[in-house]
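Enquirer: Chains as they are written, first to last, in full-length UniProt numbering: chain Z, 1 to 358; chain F, 1 to 358; chain H, 1 to 358; chain Y, 1 to 358.
Just so you know, these hints were derived from the structure itself, not from any lab. It cannot be assumed that every hint is accurate.
No copy labels: a pair is met if it fits in one copy or bridges any two.
As a list, the in silico DMTMM-like pairs of lysine to aspartate or glutamate whose alpha-carbon atoms are at most 25 Å apart [what the hints assert, rightly or not]:
hint	residue 1	residue 2
1	K50	D229
2	K50	E239
3	K21	D297
4	K50	E8
5	K21	E123
6	K43	D22
7	K15	E104
8	K43	E86
9	K15	E240
10	K103	E328
11	K50	E241
12	K313	D22
13	K21	D63
14	K103	E248
15	K313	E345
16	K21	E312
17	K313	E328
4 protein chains.
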Amino acid sequence: MTSAMQPEDTPALRKLYADFKDHHLNPLWTQLGDLMPRQPRPKAVPHVWKWGDLFPLAQASGDLVPVGRGGERRAIGLANPGFGGEAYVSPTLWCAIQYLGPKETAPEHRHSQNAFRFVVEGEGVWTVVNGDPVRMSRGDFLLTPGWNFHGHHNETDQPMAWIDGLDIPFSYNNDVGFFEFGSERVTDYATPRFSRSERLWTYPGLRPLSGLENTVSSPIAAYRWEHTDRALTEQLLLEEEGQPATVEQGHAAVRFVNPTTGGDVMPTIRAEFHRLRDGAETAARREVGSSVFQVFDGRGAVVMGGVTYELEKGDIFVVPSWIPWSLEARTQFDLFRFSDAPIIERLNFNRTLVESGN
Amino acid sequence: MTSAMQPEDTPALRKLYADFKDHHLNPLWTQLGDLMPRQPRPKAVPHVWKWGDLFPLAQASGDLVPVGRGGERRAIGLANPGFGGEAYVSPTLWCAIQYLGPKETAPEHRHSQNAFRFVVEGEGVWTVVNGDPVRMSRGDFLLTPGWNFHGHHNETDQPMAWIDGLDIPFSYNNDVGFFEFGSERVTDYATPRFSRSERLWTYPGLRPLSGLENTVSSPIAAYRWEHTDRALTEQLLLEEEGQPATVEQGHAAVRFVNPTTGGDVMPTIRAEFHRLRDGAETAARREVGSSVFQVFDGRGAVVMGGVTYELEKGDIFVVPSWIPWSLEARTQFDLFRFSDAPIIERLNFNRTLVESGN
Amino acid sequence: MTSAMQPEDTPALRKLYADFKDHHLNPLWTQLGDLMPRQPRPKAVPHVWKWGDLFPLAQASGDLVPVGRGGERRAIGLANPGFGGEAYVSPTLWCAIQYLGPKETAPEHRHSQNAFRFVVEGEGVWTVVNGDPVRMSRGDFLLTPGWNFHGHHNETDQPMAWIDGLDIPFSYNNDVGFFEFGSERVTDYATPRFSRSERLWTYPGLRPLSGLENTVSSPIAAYRWEHTDRALTEQLLLEEEGQPATVEQGHAAVRFVNPTTGGDVMPTIRAEFHRLRDGAETAARREVGSSVFQVFDGRGAVVMGGVTYELEKGDIFVVPSWIPWSLEARTQFDLFRFSDAPIIERLNFNRTLVESGN
Amino acid sequence: MTSAMQPEDTPALRKLYADFKDHHLNPLWTQLGDLMPRQPRPKAVPHVWKWGDLFPLAQASGDLVPVGRGGERRAIGLANPGFGGEAYVSPTLWCAIQYLGPKETAPEHRHSQNAFRFVVEGEGVWTVVNGDPVRMSRGDFLLTPGWNFHGHHNETDQPMAWIDGLDIPFSYNNDVGFFEFGSERVTDYATPRFSRSERLWTYPGLRPLSGLENTVSSPIAAYRWEHTDRALTEQLLLEEEGQPATVEQGHAAVRFVNPTTGGDVMPTIRAEFHRLRDGAETAARREVGSSVFQVFDGRGAVVMGGVTYELEKGDIFVVPSWIPWSLEARTQFDLFRFSDAPIIERLNFNRTLVESGN
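With the hints as constraints, model all of the structure from the sequences given.
Expert: Here it is as structure tokens:
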């Protein structure tokens with residue numbers, strides 16, 4: 001569209017624009033299409049990080065970079081190619097592979113940023129959240145909501161790697177973050193099978209009377225793979241029995257929620273687990289907000305913006321806002337997903353468009 | 001207090017009062033103290049029903065009264081002695097012992113009234129809720145929220161009894177109830193170990209993506225004893241480890257909740273399970289609203305309004321509004337509790353007074 | 001329906017029923033149809049109280065009955081003919097005409113019961129709510145939410161009468177009420193035109209920063225007729241301009257709300273004002289819950305359960321639960337309405353049936 | 001703090017860092033202090049824009065730049081000096097002076113971005129929001145919530161200027177915005193004194209029965225100065241009478257709210273009006289999130305980060321996140337304020353620190 005508002009380039013206009021600059025002003029009419037596009041036009045691009053690349057690089061950093069106070073974590077952020085090097089996987093989300101060598105400790109600290117970990121393989125690390133030791137094992141989803149002290153330690157002779165998800169870019173861009181150092185060693189080196197938070201909170205539909213106040217984030221420190229797997233298995237069995245249980249044909253899914261409210265686990269991050277039957281395809285959809293997936297098991301593909309990316313275990317991909325995406329399963333196909341949907345929904349910017357056909 | 005408003009008994013006053021009556025009027029000043037007492041003055045009285053009386057009477061009714069359409073249920077309501085025979089355990093709540101003989105079926109129907117069942121002993125009955133067969137076993141808490149079709153059938157050669165809880169008096173007094181007959185036989189005689197509702201909904205902190213709309217009542221049809229028992233066991237273990245987990249010393253407790261909201265299972269009825277260590281005593285408290293308890297296991301006592309009632313397995317007692325009550329455990333002491341607390345709280349009439357000492 | 005559960009009347013059965021009685025039990029099968037009817041079957045009946053009867057009787061009581069401590073209020077309750085004399089207008093609601101003679105004071109007290117006043121005529125009384133003097137004038141709707149101290153005094157040489165609405169029956173039946181006497185004289189005899197509550201809270205869409213905590217009940221002590229009248233007038237004008245503004249053709253209506261939430265003014269009582277154009281008729285509807293209307297101005301009729309009742313200024317009528325009702329305007333017809341809808345809705349018992357035609 | 005994680009600069013490390021870059025990775029340990037500072041460290045800086053500069057530049061643009069389709073609005077954005085020229089007043093907020101010449105029309109469009117206007121002087125423009133013409137006059141606060149069509153036209157022979165506030169930077173950074181062109185002329189050139197939205201919605205505590213569904217944003221299109229002024233005047237009078245009514249001594253304030261919820265007018269923007277008595281000073285406070293103020297009347301100063309800025313009518317200043325700020329009144333001092341507080345609060349990042357003394 002040509003604009004009625006592009007005036008003739010006269011000395012007077014140049015003087016006006018120079019005056020704008022001098023007074024820290026900037027007119028809307030020269031930049032409207034960029035600032036307020038017809039639909040989201042993300043700088044972030046669709047991208048896949050291969051686990052086959054990530055894990056060796058994490059190992060190499062384990063050899064070269066000690067973990068400790070100051071740097072705090074041996075975490076390597078996924079830097080969306082659209083952002084010119086910044087370690088943001090999307091405009092709101094941070095995703096990193098974190099690596100802890102045998103017997104290492106990552107010191108305790110806390111921050112306003114909400115954090116989780118998801119374990120695609122390995123075991124032997126405990127994360128200590130506000131003094132409660134939480135075992136980390138394959139398939140577990142673990143929470144460290146904002147302002148909870150936390151550190152990690154590896155009890156074994158094997159290194160362990162997992163992914164971290166945080167709202168670092170959102171916090172950074174909007175100036176909301178606080179950070180505080182804690183103990184240089186974790187405050188409890190016990191290695192219980194289940195954290196105290198789990199022993200209190202992980203009975204379906206049961207709420208301790210000592211925990212009747214709703215909490216901003218979930219009080220469950222660890223969502224165990226055993227439960228996630230069974231939930232998905234049952235959805236597919238129920239579908240076979242002709243019962244409504246899946247989101248779409250061949251596509252089982254659960255959301256991780258805060259049991260005190262039934263809502264998202266943390267105020268800024270949604271987390272889900274998806275399972276597709278071998279051969280299943282999802283509808284193509286566009287959503288406002290950005291998502292990150294990690295393949296947990298099986299093989300398949302994601303189609304983003306018309307391009308098909310083949311995927312295997314551990315691969316991570318990002319779907320920027322309003323990019324059409326769909327999944328295709330080459331085997332049974334399990335994926336962990338997290339997104340900024342709570343931000344989008346709480347501020348009423350959510351829209352979804354399900355496209356006909358795939 | 002003597003009232004300034006008790007006028008002299010004159011012919012004019014008698015005429016006035018007669019005129020009031022003729023015009024369907026009734027003055028406040030003659031009845032204020034009754035209508036608006038200084039504190040709740042319930043007609044309902046504290047009372048204990050002994051399981052040793054209830055069960056044989058239920059058996060006898062099994063011999064004499066067929067179950068079927070019209071009467072619908074072989075349920076015998078607990079009639080608070082303060083109400084002159086009405087089958088209300090409290091002004092808001094109904095509690096009955098229901099009995100189903102070998103191979104019997106109680107036909108399907110639905111009603112606005114919210115209902116649950118709690119099983120103090122036995123097994124072999126399935127309740128079919130909107131077509132979903134739900135096993136009933138000792139310790140299970142089972143829901144039939146308002147307007148869900150439901151019937152029961154006994155698969156075995158043994159009779160089975162359990163308690164029903166409903167908001168029948170509340171619905172009756174406030175004219176809110178609808179009722180509809182359904183199938184004379186239950187719509188599905190399958191006897192699965194777990195209902196479809198459980199297969200979808202009973203994973204801690206996991207919510208199916210096909211169930212993202214919040215529901216007025218819990219979608220969980222059965223809360224199993226295994227989970228309740230473990231939750232209580234862990235609370236007491238955590239207490240021994242010096243962790244905050246119990247409501248008061250030696251007193252573990254859970255509330256049954258709707259996983260879509262974290263709130264009560266149904267809009268009018270709260271349900272909880274309490275466990276006291278051998279020798280523990282609870283603080284004495286007064287609460288607005290009425291509660292019913294059934295002893296599930298162990299021996300102990302309840303003190304209500306200063307009177308001590310000894311209790312054993314199956315005994316049921318009612319605590320009317322604002323009557324001080326406390327529990328004493330003679331062994332490990334397990335009690336199921338239900339109450340009208342959601343009514344009281346949603347209408348902001350709740351008050352609690354914890355008395356010093358016991 | 002004949003019941004399969006009416007067993008033969010044998011000595012054994014009689015013995016069983018006698019045993020039930022001895023043990024404070026009462027079977028469901030003999031009373032199901034009464035306790036759980038197909039649809040609400042209220043004891044309360046539709047009824048009209050004529051202002052032409054009410055006001056003279058209130059005057060007569062002003063001559064014969066002093067107002068003061070103990071009886072507290074010269075209030076004459078409307079006793080639904082279905083209740084055998086009890087001063088309940090419906091199972092949940094109390095409605096009374098209150099009368100205060102020249103220079104009289106009704107002493108201060110407070111109670112859990114939620115109360116309001118509506119003024120169909122007159123002026124000159126101030127009600128003092130937690131120390132804040134509130135003028136009462138024709139058309140005003142005035143709140144005394146639960147547990148606020150309040151008393152009234154008449155500044156003039158003329159008596160004044162108005163109606164009171166409370167949740168006394170609900171509180172009484174469910175044992176939730178507390179009551180406390182306050183000062184024998186009101187604590188402030190000032191007669192300001194506007195209460196402090198109005199000076200803080202009655203600017204459209206403006207909330208004082210000193211009042212950011214939501215309150216259970218509205219902080220507005222007086223809803224003035226001037227605003228109600230203008231709101232209704234504008235709705236009818238907008239309707240004439242072809243804009244959506246009325247609830248149905250020729251029927252303007254507003255709800256009085258708590259500005260901190262947008263919800264009902266008090267947890268148990270809804271209040272509305274309705275205006276019909278001359279000649280308008282409303283659709284016939286059935287609703288769960290009970291309502292009371294007072295004609296504020298004009299002439300018309302209400303049809304309840306197929307019976308037409310002619311109405312004029314001051315007349316009060318009650319619509320019990322699920323009774324079909326509609327209004328017909330013989331002139332412009334203004335009605336104040338209050339109901340127990342918040343109770344019904346918060347407990348999810350609400351249903352409405354709009355009948356085709358009238 | 002020196003970091004344990006700054007490894008020796010070896011060829012192997014350089015190789016590792018190069019590999020990171022090649023694979024779109026970026027380690028946390030080299031940038032933690034920047035990404036996750038101890039407290040918010042905004043790029044935005046405190047800044048004041050003088051009305052004496054803004055208005056003449058807007059006039060000049062009125063002479064040189066036609067208004068019309070494409071550029072859409074003659075709006076000149078305030079560019080925070082910390083952002084290097086981008087037209088963001090803070091990381092979340094846009095603030096512009098908009099100017100409309102005699103008889104001009106700004107065409108209709110709609111966008112996801114939430115918008116408001118505040119009028120510091122002048123009159124004669126109507127903004128047409130979803131077909132409803134809304135008069136704009138001095139002191140009025142006017143809403144255009146996301147996805148409402150809107151255009152403006154000036155009825156007079158005088159130009160008019162006002163400020164616009166939007167969440168453009170937030171929408172842009174997080175990829176949530178949609179935009180659609182509408183009519184090139186406004187759809188209704190009527191010039192009523194009050195919009196239809198006001199005629200329906202601006203009666204204190206009254207809600208039309210035709211508007212019982214809660215809305216994401218306020219249905220009130222215009223908050224009039226008359227009400228704002230009276231609300232502030234009464235707060236200060238009540239304070240003089242010894243009543244609690246102000247936020248702090250000599251400081252009256254109101255929040256503009258959505259009457260359907262009592263909450264903020266739009267999901268991303270809070271708006272308030274503050275009045276200080278001559279000589280009053282506010283406490284110094286730090287808040288998470290950014291605010292913009294415009295002086296509406298009087299003279300005074302703001303202290304930001306220890307620097308005092310003198311202010312007069314029309315001056316606009318921004319307070320970035322966590323910068324300490326306080327106000328000082330040299331006369332009665334009136335300020336309009338808007339902020340991103342709803343974003344901060346809905347995502348639970350809110351913190352406030354009131355500093356002792358000033």
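Enquirer: Work down the list of hints and note, for each, if the structure agrees.
Expert: We went through each hint and held it up to the structure:
1. K50 x D229: So K50 and D229 pass the 25 Å test inside one copy only (24 Å; across, 45 Å).
2. K50 x E239: neither (32 Å within a copy, 46 Å between copies)
3. K21 x D297: So K21 and D297 fail the 25 Å test inside a copy (55 Å) and across (27 Å) alike.
4. K50 x E8: neither (52 Å within a copy, 28 Å between copies)
5. K21 x E123: For K21 and E123, neither the intra-copy (57 Å) nor the inter-copy (28 Å) Cα distance is at most 25 Å.
6. K43 x D22: For K43 and D22, only the inter-copy Cα distance (19 Å) is at most 25 Å; the intra-copy one is 29 Å.
7. K15 x E104: Classified as between; 24 Å across copies, 62 Å inside a copy.
8. K43 x E86: For K43 and E86, the Cα distance is within 25 Å both inside one copy (12 Å) and across copies (16 Å).
9. K15 x E240: neither (72 Å within a copy, 52 Å between copies)
10. K103 x E328: The answer is neither: 40 Å in one copy and 49 Å across copies each exceed 25 Å.
11. K50 x E241: neither (37 Å within a copy, 44 Å between copies)
12. K313 x D22: Classified as between: cross-chain Cα gap 21 Å, same-chain 55 Å, threshold 25 Å.
13. K21 x D63: between (50 Å within a copy, 18 Å between copies)
14. K103 x E248: Answer is neither; intra-copy 45 Å and inter-copy 39 Å both fail.
15. K313 x E345: Answer is neither: 30 Å inside a copy and 38 Å across each miss the 25 Å cutoff.
16. K21 x E312: between (51 Å within a copy, 22 Å between copies)
17. K313 x E328: within (14 Å within a copy, 56 Å between copies)
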